[in-house]
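> Take a look at the letters that make up each chain.
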Amino acid sequence: MPESHIASFGRFRRSHEFWLLIVILGLCASLGFANAQFLTMQNLFDLLTSYAFVGILALGLLVVLIAGGIDISFTATASVAQYVTLSLANAYGANWIGVFAIAIGIGGALGALNAIFIQKLRIPSIIVSVATLNIFYGLLIFFTGGKYIYSLPDWFATGIFWFEFEWGKDSSYGVNLQILALALAFLVTWLLLNRTNIGRQIYAMGGNTDAAQRLGFHVFGLNILVYCYMGVMAGIASLIQAQLAQSVAPTVLVGKELDVVAAVVLGGASLMGGVGSVFGTFLGLTLLAVLQNGIILLGVSSYWSPFFVGLVILISVSATAWSQRERRSQSASR
Amino acid sequence: MSNVPALSLRRRIVGLAGSGTVATLILLLFALWVVFAIAIGDRFFSVNTLQSMAFQMPELGILSLAMMLALLSGGLNLSIIATANLSGLTIAFLLTRYIPESQGLAWVGIQVFAIAAGFAVAALVGLLNGFVIAYLGVSPILATLGTMTLCKGLAIGLSRGNVISGFPEPIVFIGNGTVFGVPFALIVLAFCALPVALMLNATPFGAKVYMIGSNEKATRYSGINTRAVLLKLYVFSSLLAGVAAVVMLARFNSANAAYGESYLLVTILAAVLGGIDPFGGFGKVGGLLLALIILQVISSAFNLLNLSQFLTLAIWGGILIAVAAVPNFAGKAPR
Chain F
94 MPESHIASFG RFRRSHEFWL LIVILGLCAS LGFANAQFLT MQNLFDLLTS
144 YAFVGILALG LLVVLIAGGI DISFTATASV AQYVTLSLAN AYGANWIGVF
194 AIAIGIGGAL GALNAIFIQK LRIPSIIVSV ATLNIFYGLL IFFTGGKYIY
244 SLPDWFATGI FWFEFEWGKD SSYGVNLQIL ALALAFLVTW LLLNRTNIGR
294 QIYAMGGNTD AAQRLGFHVF GLNILVYCYM GVMAGIASLI QAQLAQSVAP
344 TVLVGKELDV VAAVVLGGAS LMGGVGSVFG TFLGLTLLAV LQNGIILLGV
394 SSYWSPFFVG LVILISVSAT AWSQRERRSQ SASR
Chain H
806 MSNVPALSLR RRIVGLAGSG TVATLILLLF ALWVVFAIAI GDRFFSVNTL
856 QSMAFQMPEL GILSLAMMLA LLSGGLNLSI IATANLSGLT IAFLLTRYIP
906 ESQGLAWVGI QVFAIAAGFA VAALVGLLNG FVIAYLGVSP ILATLGTMTL
956 CKGLAIGLSR GNVISGFPEP IVFIGNGTVF GVPFALIVLA FCALPVALML
1006 NATPFGAKVY MIGSNEKATR YSGINTRAVL LKLYVFSSLL AGVAAVVMLA
1056 RFNSANAAYG ESYLLVTILA AVLGGIDPFG GFGKVGGLLL ALIILQVISS
1106 AFNLLNLSQF LTLAIWGGIL IAVAAVPNFA GKAPR
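Chains as they are written, first to last, in the working numbering: chain F, 94 to 427; chain H, 806 to 1140.
Think of the hints as simulated: they come from the structure by calculation, not from any bench. All values derive from a computational prediction rather than experimental measurement. Any given hint might turn out to be false.
Unchecked claim - Just some of the chain H residues that point at chain F, by a computed CB distance under 8 Å:
1. 906
2. 966
3. 1113
4. 1121
Unchecked claim - Counterexamples of contact, computed for chain H against chain F with all Cβ distances above 12 Å:
5. 833
6. 883
7. 962
8. 995
9. 1002
10. 1082
11. 1129
12. 1130
The C-beta atom is built at its ideal place from N, Cα and C for all residues, glycine as well.
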């Protein structure tokens, strides 16, 4: 039906995602033009690998934001899951299924704890997650002394390399652990939000919690699910990060919360709840990744790269807000 | 059953203090004082301990005030630490560049000028935040995330990540000197807290800030220029970060692009513990100061007990949840 296609394209053209896509395409085109290295398979695979950690966390946070909450304790959750899982694997031995099961279990349990504090004690999620960030992280460093773990199980350190293929003369590519986990996280989150009844309920609850409660939604159960999902994503992200870094460093993850928040909110998710999409998060993440990567490839001194990243974030959020403001003042009086 | 008398005591203090959170905090502070007095003994009340507490509190205190202003309007200012570091580096650069070759009146003048330049940088960042938030309509978290990255980037780019150190005596005094035994930095905190409290409680501007925090749309429709108020508010918030910059660089006798980054979430923790509503509209300077004292007492006591500073972090988090949960158990309706 072409007419409905035109209508839906019209809707897309006015959306936040459309503007983001334009910015990203413009950026990619100019970077590709400026540096031949940028648009290569090598660079694409490197980018996917290095941004998988932030990406998986961003998908978890997206679900929390849509549900009308916020969680910034996920870096501490990830640090705890990473440390405990790989300590156990070192001490007792484990396999892939084992380590992921432990990490997911720890992440899910800490996420559930957040949800219980939020729902049973009726404390706003921002307060709870600022508190639990300090609790999880403080206790982790207190009990471990902040010691790094450098020796990981051999099979874990080796990682995986699937679907290997040749491209060009002497380079071969494959799906590594990071890319596989990132792709699965995108798929599962998209299915959860767009193809399940629970996903619709999460959107509805984030849009108006009171209304959802009166309609008979199981708000407590939904919240447990949402914060557990965030925790599970933190558990998975922590393992692939340890695999990439080839070590467990309990102090390096905490402090990166805002990178993840930036990716999700740049992607159009609202802190008010009920709004956000997997595609938007993908674009927000892509914008940050392309930007940071592009600045390095352009040969800008690494001292100056945060400055340009900040500049582009500020310009892109300002332009988006401005365009939406213009439209609102055109369509109706505010 | 055992907590029934405590609750009625709390209610009596609520009557005296006029606010539920403040009463809870006073009780908590008293309880902590008793516990630590028993656990530590006389050392906890020594002049040295009190003085070291008073030296450590001002930085976090002034930064928390900066965060509080943004929170009251229903916003957030994630750029305070980056702003403080950028203006600190500006001051440090001017001092180390011009002080060694000057004396007499010029020596004094340069110090005043350097601090003024630092405040000017902070004010510029505040104007940028305020403009983007109030006039372009960007959500405060995104806007200040952007300026945070921008300021930090500028600070790293200009300083190439280096530390600038070695300042003249009067500047070092701000962070390390005492007046009649009271650390000068604490006096600076008082001189920040008092005007902010007056501004919020005794001026039309303050009333407008609380109104915007409660309901921005209704405030706009009632004829208040919410944009101008927000712009001013973010400039004030930034200027407080500028004051924190001076205290910080004076205390460390150095400036760097990455000092105090772990303070960012702690300022939110302190503000929320002090009864500032993270969604805006409610909260007093007095509550924030009480919260800061509580955090400092725990930190200093743990230090005296030789417990890890990370355990302090965990306890801070636990206290925040406990205090935030009190209204529900005291039978008041949750917000």
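> Take the hints in turn and mark each one as holding or not.
Status of the hints after comparison with the structure:
1. 906: Not OK, violated: residue 906(H) not within 8 Å of chain F, min 28 Å.
2. 966: holds, 6 Å
3. 1113: holds, 5 Å
4. 1121: The hint holds - residue 1121(H) has a Cβ within 8 Å of chain F, the shortest such distance being about 6 Å.
5. 833: Correct as stated: the minimum Cβ-Cβ distance to chain F is 15 Å, above 12 Å.
6. 883: violated, 7 Å
7. 962: The claim is violated: residue 962(H) sits with its nearest Cβ about 4 Å from chain F, within 12 Å.
8. 995: About 27 Å separates residue 995(H) from the closest Cβ of chain F, which puts it past 12 Å; holds.
9. 1002: holds, 23 Å
10. 1082: With a cut-off of 12 Å, residue 1082(H) comes too close to chain F, as the shortest Cβ separation is near 9 Å.
11. 1129: violated, 4 Å
12. 1130: Check fails; 4 Å does not lie beyond 12 Å.
This entry does not satisfy hints 1, 6, 7, 10, 11, 12, going by the numbered hints stated previously.
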